[in-house]
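Enquirer: Residue numbers are given in my numbering: position 52 of the sequence shown equals residue 54, and the series is strictly consecutive.
Everything labelled a hint here was simulated from the structure, so no lab data went into it. Glycine included, C-beta positions come from ideal geometry on N, C-alpha and C. Heads up, a few of these hints could be off.
Stated by the list, open to error - Derived lysine to aspartate or glutamate pairs resembling EDC-like cross-links, with alpha carbons at most 20 Å apart:
(1) K37 to D27
(2) K54 to D85
(3) K54 to D27
(4) K94 to D52
(5) K54 to E18
(6) K37 to E18
(7) K94 to E61
(8) K94 to D15
(9) K54 to E5
(10) K94 to D12
(11) K94 to D27
(12) K37 to D15
(13) K37 to D22
(14) K37 to D12
(15) K54 to E82
(16) K81 to E61
(17) K81 to D12
(18) K54 to D15
(19) K54 to D65
Said to hold, decoys possible - Now the in silico label distances, taken between C-beta atoms and shown as ranges:
(20) V44 to D65: 17 to 27 Å
(21) G97 to F76: 32 to 42 Å
(22) E18 to S60: 26 to 36 Å
(23) K81 to N26: 28 to 38 Å
(24) N26 to T83: 28 to 38 Å
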Amino acid sequence: FFEGFYRVTDNPDAHEQHIDIFTNDAKIIIGWYLKFRLGMMVQVASRSHDPKQIFAFSEGSDDLMAYGTVGFEFNDGRKETADSEAHCHFTKADGHLNMVCYQVYL
Numbered sequence: 003f004f005e006g007f008y009r010v011t012d013n014p015d016a017h018e019q020h021i022d023i024f025t026n027d028a029k030i031i032i033g034w035y036l037k038f039r040l041g042m043m044v045q046v047a048s049r050s051h052d053p054k055q056i057f058a059f060s061e062g063s064d065d066l067m068a069y070g071t072v073g074f075e076f077n078d079g080r081k082e083t084a085d086s087e088a089h090c091h092f093t094k095a096d097g098h099l100n101m102v103c104y105q106v107y108l
């Protein structure tokens with residue numbers, strides 16, 4: 003799941019695919035989030051997530067934590083790397099995993 007999630011997340015043209023990862027009642031405001039994502043990507047030439055650890059809260063849990071780094075190359079040529087952590091809560095619908103909650107800590 004996370005390989006595909008980060009591939010879509012890092013693609014500056016995959017806004018609709020990114021939104022489709024979440025459930026319709028996800029704990030983010032989809033309209034606002036899409037505008038945020040579009041605005042953020044205007045300044046970024048490329049972005050790359052590098053997950054280091056992904057672990058569940060307990061066996062069979064629908065909650066995961068992801069830890070890693072995210073690298074940015076900005077349109078002005080600057081490059082930066084930041085630690086990235088995320089709490090994710092999932093549900094399965096129509097045979098696919100979807101996020102119900104996604105909270106990022108940068």
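Enquirer: The structure should be examined with respect to each hint, and the outcome stated for every one.
Expert: Going down the list of hints, with the structure as the test:
1. K37 to D27: Holds: K37 and D27 sit about 17 Å apart, inside 20 Å.
2. K54 to D85: Holds: K54 and D85 sit about 10 Å apart, inside 20 Å.
3. K54 to D27: 29 Å, violated
4. K94 to D52: Given that 20 Å is the threshold and the Cα spacing comes to 25 Å, the pair is violated.
5. K54 to E18: 26 Å, violated
6. K37 to E18: Holds, because 11 Å separates the two Cα atoms, which is no more than 20 Å.
7. K94 to E61: Roughly 16 Å separates the two Cα atoms, so the pair holds.
8. K94 to D15: 26 Å, violated
9. K54 to E5: 12 Å, holds
10. K94 to D12: 23 Å, violated
11. K94 to D27: 13 Å, holds
12. K37 to D15: 13 Å, holds
13. K37 to D22: Given pair K37, D22 holds - Cα atoms ~15 Å apart, limit 20 Å.
14. K37 to D12: Holds, at about 16 Å.
15. K54 to E82: 18 Å, holds
16. K81 to E61: 38 Å, violated
17. K81 to D12: 15 Å, holds
18. K54 to D15: Violated - the C-alpha atoms of D15 and K54 are around 25 Å apart, more than 20 Å.
19. K54 to D65: 17 Å, holds
20. V44 to D65: 17 to 27 Å: 32 Å, violated
21. G97 to F76: 32 to 42 Å: The hint (32 to 42 Å, Cβ to Cβ) holds, given that G97 and F76 are roughly 38 Å apart.
22. E18 to S60: 26 to 36 Å: 34 Å, holds
23. K81 to N26: 28 to 38 Å: 36 Å, holds
24. N26 to T83: 28 to 38 Å: At 34 Å between Cβs, range holds.
Hints 3, 4, 5, 8, 10, 16, 18 and 20, counting from the list given before, are not met by this structure.
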